Amino acid sequence: MPKLFTLEIITPLGTFFKDEILHVRAPGVDGDFGVLADHAPLMAGLRPGRLRVEDPDESFDFVMTGGFFEVHSNRAVVLAETCLRKEDVDLERAIRARDRALQALAEAKTPEAQEEARANLAKVMALIKFIEE
Amino acid sequence: MSSLKIIRRRIRSIQSTQQITRVMKMVAAAKLKRAQENIVHARPYALRLREVIRELATRVDRSHHPLLELREPEDLGIMVVTGDRGLCGSFNTGILRRAQRLMEENAGRSIRLITVGRRGAEFFARRGADVIEKKAGFFNHLEFQHALDLGQALVDHYVATRLDRVFVVYNEFKSAIQQNVVVEQLLPIVPDPADAHAITSDIIYEPGEAQVLDAILPLFVKVQVWRILLESFAAEMGARMTAMDSATQNAQELVESLTLTYNKARQAAITREILEVVSGAEELR
Chain D
1 MPKLFTLEII
11 TPLGTFFKDE
21 ILHVRAPGVD
31 GDFGVLADHA
41 PLMAGLRPGR
51 LRVEDPDESF
61 DFVMTGGFFE
71 VHSNRAVVLA
81 ETCLRKEDVD
91 LERAIRARDR
101 ALQALAEAKT
111 PEAQEEARAN
121 LAKVMALIKF
131 IEE
Chain E
134 MSSLKIIRRR
144 IRSIQSTQQI
154 TRVMKMVAAA
164 KLKRAQENIV
174 HARPYALRLR
184 EVIRELATRV
194 DRSHHPLLEL
204 REPEDLGIMV
214 VTGDRGLCGS
224 FNTGILRRAQ
234 RLMEENAGRS
244 IRLITVGRRG
254 AEFFARRGAD
264 VIEKKAGFFN
274 HLEFQHALDL
284 GQALVDHYVA
294 TRLDRVFVVY
304 NEFKSAIQQN
314 VVVEQLLPIV
324 PDPADAHAIT
334 SDIIYEPGEA
344 QVLDAILPLF
354 VKVQVWRILL
364 ESFAAEMGAR
374 MTAMDSATQN
384 AQELVESLTL
394 TYNKARQAAI
404 TREILEVVSG
414 AEELR
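So the protein lines, in turn, are chains D and E. Residues in the first sequence are numbered consecutively from 1, following my numbering. Residues in the second sequence are numbered consecutively from 134, following my numbering.
It should be emphasised that the hints constitute simulated quantities derived from the structure, not laboratory data. As the structure is a computational prediction, the values presented were derived from the model and not from experiment. Treat the hints with care, since some could be wrong.
Selected chain D positions facing chain E (in silico; Cβ < 7 angstroms) [as the list claims (entries may be wrong)]:
(1) LEU13
(2) GLY14
(3) ASP30
(4) MET43
No residue lacks a Cβ here, since even glycine has one placed at the ideal position from N, Cα and C.
Chain D with its partners taken away, still in its complex shape:
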C-alpha cells in the first residue's frame, strides 16, 4: 500500500476538497510538477490550469485560476482563487469572458493594463481548454 498524504483545496468561498490522496499534479508558474507523500517542504506559485488529483481508486481533474501550493509534513494545501469541477464550468460564460478579455487586451494602453488583461485572458483560456479536452 503506497503512502498517502492530505490534500486540501481552499478557495475564498470555502474548503473545496479535502482528502487523503496518493499524488497531485499542479500547474506551477514555471511548469507542471507532481507531488507524492514525504515531499520536501515547498511553497509554489500556480498559474491558471488543470489540477490532477489521484487517490488509490480514482483520479479527479479540477481547473483553477491561479493561486498557491504548499506542502509541509505530508499536508498539502492549495490556495486557489477559484477552483471548479468540469461539470461546474459554464462554457458560454467563459467564452463571453474570453471575448471581453481579448477586447480589453486590444484596448489596453499602459503596460500594466496589458499585463492585467493578459492575466485575465490566461484564466479564461485555462477554463476553456479544460472543457474542450
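Start from chain D and add chain E according to the hints.
Then chain E, alone, in the frame of chain D:
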C-alpha cells in the same frame, strides 16, 4: 362620523406599512443567514494566506515590496463602506460620522476617498470630497469577483498615485443585533509578528521568495476586501432586521391605540344616537 372614517383610514395605512416592514425584516433575516455562512467559508483561506505572509515577511527586505513598505503618512486613502439603501437604523450614519471624524483627525494631509455603497457616494458627492473610486449596487448579488475588482483598484491607486496609507471604515459584524464601526489599515500590509516556532527555514520557494510574495500580497488585499464586504453586508442586514422589527412593533402599538380611539368614538356616536331617539320619544309622549 367623518372622524371615524379618518381613523379607519389611518389604521389601514399603518397596517399596510407594517406589512412592508415585516416582510423587509424577514428578507433581511434570510440574507443575513447567507452572509454569515459566507463569512465562515471565507475564513480558512484568509487565515492561511496571513500565515504565509507572516513567514515570508521575515525572510525578505520589506522596502522592496511596495505593499509592505512603511512610508510617512502624507497622502491617505480612505475606503468608506456603506450600504446601498437606507432603512437600517444608524448603519450608514454611524459609518459616515466616523469617516468624517477620521478626515478631521488627518486635516492637513491629502485625503482621497474610495466609496463603496450608494449611500456613501451620495454623501461625499454632496460635500465635494475627493472621491477617486466609486463602487455601488452590488451588495444584493455580492460575488468574490467584486472583491477582486475592488482590491485591484485599491492596489492600483496605491501604487500609481503613491498613497502612503489606505484605511477602511466599515461595520464589523458582531451579531445580528450588534454592529461595530471599525477603522482598519488596509495598506501597507502589516504582517503579524513572526512566531519563532512556526518558521521552518528549509522550505523551497518556487519560483522564488520575492516572486511568491509579490503574487501573494495583492491577493491578500483582495481577500481582506472580500471579508470586509461580507462583514459589512451581514452587519447591514442585521441592522435592517433590528430596525424593521422595532418599526413593526411601533406600528402594532399605533394600530392598537388607534383601534381603541376608534372604538371609543364609535361607542360615543351610538350613545348619542340612542339619546336622540330616547329624547325624541319623550317629546312625543
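Residue hint LEU13 of chain D, partner chain E, criterion CB-CB below 7 angstroms: Hint on LEU13 of chain D: holds, closest Cβ of chain E at ~6 angstroms, below 7 angstroms.
Hint check: 7 angstroms Cβ-Cβ cutoff, MET43 of chain D to chain E: 5 angstroms, holds
Restraint outcome when ASP30 of chain D is required to lie within 7 angstroms of chain E by C-beta distance: This hint holds: ASP30 of chain D lies near chain E, its Cβ roughly 5 angstroms from the closest one there, short of 7 angstroms.
Status of the hint placing GLY14 of chain D at chain E (closest C-beta pair under 7 angstroms): Holds, about 3 angstroms.
When each numbered hint is compared with the structure, no violation occurs for any of them.
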